[in-house]
Amino acid sequence: MADAASTPPCVEVVDLHKRFGPLEVLRGVSTRVDRGSVVSIIGASGSGKSTLLRCINYLELPTSGEVRIDGEAVGFERRPDGQVRKRSAREIARFRQDLGMVFQQFNLWPHLTVLGNVVEAPLRVRGMPKREAMELGRACLARVQLSEKADEYPARLSGGQQQRVAIARALAMQPKVMLFDEATSALDPELTGEVLEVMRGLAADGTTMIVVTHEMAFAREVSDRAIYLHNGLIEEEGPPAQVFGDPKSDRCRQFLAKLLH
Amino acid sequence: MGNWERLVWNQRDVLLQGLLVTIEICAIAFAVAIVMGLGLALIRLYVRPLRWIAGFWIEYCRATPIFVQLMWVNYVWPELIGWPTSFYTAGWVALALQSSGYLAETFRAGIENIGRGQREAAAAVGMSPILAFRRIVLPQVLVMIAPTIVTQFTVIVKSSTLVSVITVQDLMFQSQRLVNVWYEPIEILTATAALYILFIFAVSALGKALADRLRLRYGLGT
Chain A
1 MADAASTPPC VEVVDLHKRF GPLEVLRGVS TRVDRGSVVS IIGASGSGKS TLLRCINYLE
61 LPTSGEVRID GEAVGFERRP DGQVRKRSAR EIARFRQDLG MVFQQFNLWP HLTVLGNVVE
121 APLRVRGMPK REAMELGRAC LARVQLSEKA DEYPARLSGG QQQRVAIARA LAMQPKVMLF
181 DEATSALDPE LTGEVLEVMR GLAADGTTMI VVTHEMAFAR EVSDRAIYLH NGLIEEEGPP
241 AQVFGDPKSD RCRQFLAKLL H
Chain B
1001 MGNWERLVWN QRDVLLQGLL VTIEICAIAF AVAIVMGLGL ALIRLYVRPL RWIAGFWIEY
1061 CRATPIFVQL MWVNYVWPEL IGWPTSFYTA GWVALALQSS GYLAETFRAG IENIGRGQRE
1121 AAAAVGMSPI LAFRRIVLPQ VLVMIAPTIV TQFTVIVKSS TLVSVITVQD LMFQSQRLVN
1181 VWYEPIEILT ATAALYILFI FAVSALGKAL ADRLRLRYGL GT
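Those sequence lines, one after another, are chains A and B. To convert, note that position 209 of the first sequence is 209 in the numbering used here; the numbers rise steadily by one, no gaps. To convert, note that position 160 of the second sequence is 1160 in the numbering used here; the numbers rise steadily by one, no gaps.
Don't read these hints as lab results, they were simulated from the structure. Glycine residues also receive a C-beta, built at the ideal position from the N, C-alpha and C atoms. Check before you lean on any hint, since a few could be wrong.
To be verified - A short, non-exhaustive set of chain A residues, derived as facing chain B with CB atoms under 8 Å: (1) Asn57; (2) Arg90; (3) Arg96; (4) Gln97; (5) Phe103; (6) Asn107; (7) Trp109; (8) Pro110; (9) Glu120; (10) Ala121; (11) Tyr153; (12) Met173.
Stated by the list, open to error - Which bits of chain B does chain A cover? Going by a derived footprint, with three or more residues having C-beta under 8 Å, they are: (13) 1128 to 1135; (14) 1139 to 1145.
Stated by the list, open to error - A few chain A residues that face chain B, going by a derived Cβ cut-off under 10 Å, partial list only: (15) Gln105; (16) Asn117; (17) Arg126; (18) Pro154.
Produce the entire structure from the sequences given, and follow the hints as far as they go.
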């Protein structure tokens, strides 16, 4: 961590606010995620954790505050002369290429095969040659242990398999960071294991990950740091042993106690 | 059977020629209607300043009788904009106009039916909205609305009989001409009806087979 001060963090969130009409979902969230670390975000539903994740890749436009990827602000550009310019949709899309996102509902494209889903963005967004993209796609499918399903259509796969394809699709863009938005919440209990297993593997390989989850055991085991969100604010933040084992905040303690019963 | 031979079989060249014109004019109208329909739907959905024009246009196309539209395009447009200059063109333009209104609404419903998640997944990997529409949304919309599109084609075929009124020499025109020569309508008009049924049936069967194959391929049920 000696160089943490000199090189910018992989993801940095500064005083992020998000308002939906009269409802302020994020009320000033600041945090940082270093390269190679895994940060899990926990909290009750409505606490703002999914919104925070969706603001990081600008699927939701933050009301105010800043998201920086490798030190560069996603939403606007600071010119050398000190002027600030809003970035265009195209520029924001450019940032998103480096932010892999896995959705609760998988959101696979049903008209493309499994391999087609994975290579679509490398081919059409990165402009990668076809052969290279296919190789990369197959490698990503191997990482989620679905090589044999490459030519199937998503509708023929189980939920767990679909989510693993979605992870492969995100990995194929070789992102700097992977964002998981309750990746196992839509799955039957017996199918969450295979997805968590893949995520464990990614963490072990040193992938930078931000994981919004209700799987407390998983978060405790895999994360380098845990964040407990309450009403749009970070209520507790620290190593998982502290957040899960000995939280300072009463609310966090109560939240965890409720889950255990 | 003598009548059938004399009035229908011996006139088969004339009738088939007419059928060919019908197929041609319907195919042109259909192609134009699809492009226009998609364009109108996109404008209505995404181009805010022009939305009301598209909406008005769609309602106009759907709310006027095809016969009125045909007359209007054939007699009013040349006065207003100097085009179309032939009855044939006026025929397919009128047919395309009416169908474009219906297809625009079909496209719109289809596009609105594609879940937000599909577009978000495309945005999340860095696709532009246009690329996402072309590669992710449109193919799914086409599969979804394929049966409706086929139905719209059969509507065009049936409406196309009206172009005979402005002397386009389609199947209906040729058939009426034969009737007027011999004053023996039974065989000729029955044969004409049979040809229309065969044509529409063939198109429907082909379209349905195509749509089913697509849906099956994507595992979207039968």
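Violated hints, by number in ascending order, as checked against the structure:
No numbers; nothing is violated.
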